[in-house]
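As a plain string of letters, each chain reads:
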Amino acid sequence: MSGVRTSAAAAAAIVRRDAQIFLSYPFSFVTPLLSAMFGVTLFHFIAQLVHNPAVGTPDEYFAYVVVGIVILGVLTSAVGTPPAVLRQELVAGTFERLLLSPFGAVRSAVCMMGFPLLRSVVIGVATLAFADAAFGLHLSWPDTLLAIPVGALAAVAFAPFGLAVSASVILFKRAAVVATLVISAMSLLAGAYFPVSLLPGWIRWTSEVQPFTPATELMRHLMVGTALSESAWLDVFKLVAFSAVLLTVAGMALAGAVQVGRRRGTIIEY
Amino acid sequence: MTEAALGRTALMPAAPPRPELPVLRLDGIGKRWPKAPSPVLADVDLTLDGGTLVFIGGANGAGKTTLLRVAAGLIEPDRGEIRVRGLHPVRDRRRYQSRVGFLPAGTSGLYARLTVAPHLRLWARLALLPRGPRERSIEAAAWRFGLEPLLERRVDRLSMGQRQRVRLAMSFLHEPQLVLLDEPLTSLDEAGGDLLTGALAELASRGGAAIWCAPDAAKASFDRSYWLEHGELVPA
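In order, the protein sequences belong to chains A and B. Reading the first sequence from the start, the letters are residues 1 to 270 in this note's numbering. Reading the second sequence from the start, the letters are residues 271 to 506 in this note's numbering.
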């Protein structure tokens, strides 16, 4: 029990460290909030041009895309930010401390996802509030509250991608391009801005082999009442399955990368 | 060694040390970097019993840092065995690391935007110290290296010598059995050097051991001194 408590304290310490560093810069939240607001505003006007039965009325498309923007923010936090933080740790020499700590580098790298995900939730809520206040986005109550546990599950399902990119950082030292590629591919293939039914048939299978599609579909259904293409429980099952399988694989990849780095002697090179 | 310092000795460790085993045992350690014409470490043997302070000197690039990194469990040797109190650096990683304190060379390894206190708190938690000992260890480390007036100062606003004290405090904070110091006097003034000497005396008094690496002989007194030449340890 004491071991669980000390590990929890270590995990919380990493999240707090990342929060303290983030908040030490003035106007830390302003830039991402403004960016989200500009995105929402842009799509409000683009939505006025959209008249396609696949996405419904302009208002329905606006609601569709706002949820996509929020989930894309969570994905970016899970996939892009932790590897970038890890890279900074390597350059600053602080990763060495994590490696030499009893808590360990692998668990530390996992915990580095904590603060970016929390931040993305705050920005996501603010984005929805802005879309509601400025453009009359209609959220479904009380179903929207169910989006909180589903969002947490989605974050867990996205985490393995971030861990895999972090493993690449440890092995190859630069992996930002991989993170960008993953995020771009997901935004194209998983229905962030348009339904996957519009994708050509030969590539549509990609929407079935990653957790972003069921996450966005479920979140949209809960928050703005978009119809589901399949059962909600099936989407939940997919997210759980993706989480279980991918987390195991990504955890092994990260531990393997640390071990290879130790063996080669390149673990703290940058 | 002051009484106060000696009074803050038994703060940790998670599991009782095994004093019948050497603090550090390096057997036949060899390491060659890819494409290097000769190994950086060739058949290094070193055993440190409790209370031993060892100096290892050597020219730039002789392999001192590599040797310390190997002993710290940071990198694996190509051959040879490493044990700290009988523990293996990979198989017993957590217990191994709880017994090792490592000060890397240079002044890196700190978060520029954080103040001193969060560094100590973070490291105490990463060392998996239970709550009670954790708070006492943080206080003791701050006191031992004269950091109390600096606790609320941001690291990037400290002098290099003050940063080195923070790094030293983090290396000693969890009351390790083995402390590995890579050029520890970097940027330290005389008072800082005295604090380090005091911390080493306290380490030795509780049965720990230390290796101090630097290009030139340090002014602290050691039980043994070696030079690292051509990948081998030669008694000085």
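Errors might be hidden in some of the hints.
[To be verified] Which residues of chain B face chain A? A partial, calculated answer using Cβ under 10 Å: (1) 316; (2) 378; (3) 397.
[As the list claims (entries may be wrong)] From the derived model, a few chain A residues whose C-beta atoms are all more than 10 Å from chain B: (4) 20; (5) 145; (6) 196; (7) 263.
In case anyone wonders, no lab produced these hints; they're calculated from the structure. Ideal Cβ positions, reconstructed from N, Cα and C, are used throughout, including at glycine.
Cross-check of the supplied hints:
1. At about 19 Å, the closest approach between the beta carbon of residue 316(B) and any beta carbon in chain A exceeds 10 Å, and the interface hint on this residue is violated.
2. Given the 10 Å rule on beta carbons, the hint for residue 378(B) holds: about 3 Å separates it from the nearest Cβ of chain A.
3. Below 10 Å, beta-carbon pairs count as interface contacts, and residue 397(B) has one with chain A at about 6 Å; its hint therefore holds.
4. Not every Cβ of chain B is farther than 10 Å from the Cβ of residue 20(A); the closest lies at roughly 6 Å, contradicting the non-interface assignment.
5. Every C-beta of chain B lies more than 10 Å from that of residue 145(A), the closest at about 33 Å, which supports listing it as non-interface.
6. Here residue 196(A) stays apart from chain B, with its beta-carbon at least about 42 Å from theirs, past the 10 Å limit.
7. The claim that residue 263(A) is not at the interface with chain B is violated, since a C-beta of that chain comes within 10 Å of its own (minimum 5 Å).
Of the numbered hints listed earlier, those contradicted by the structure are 1, 4, 7.
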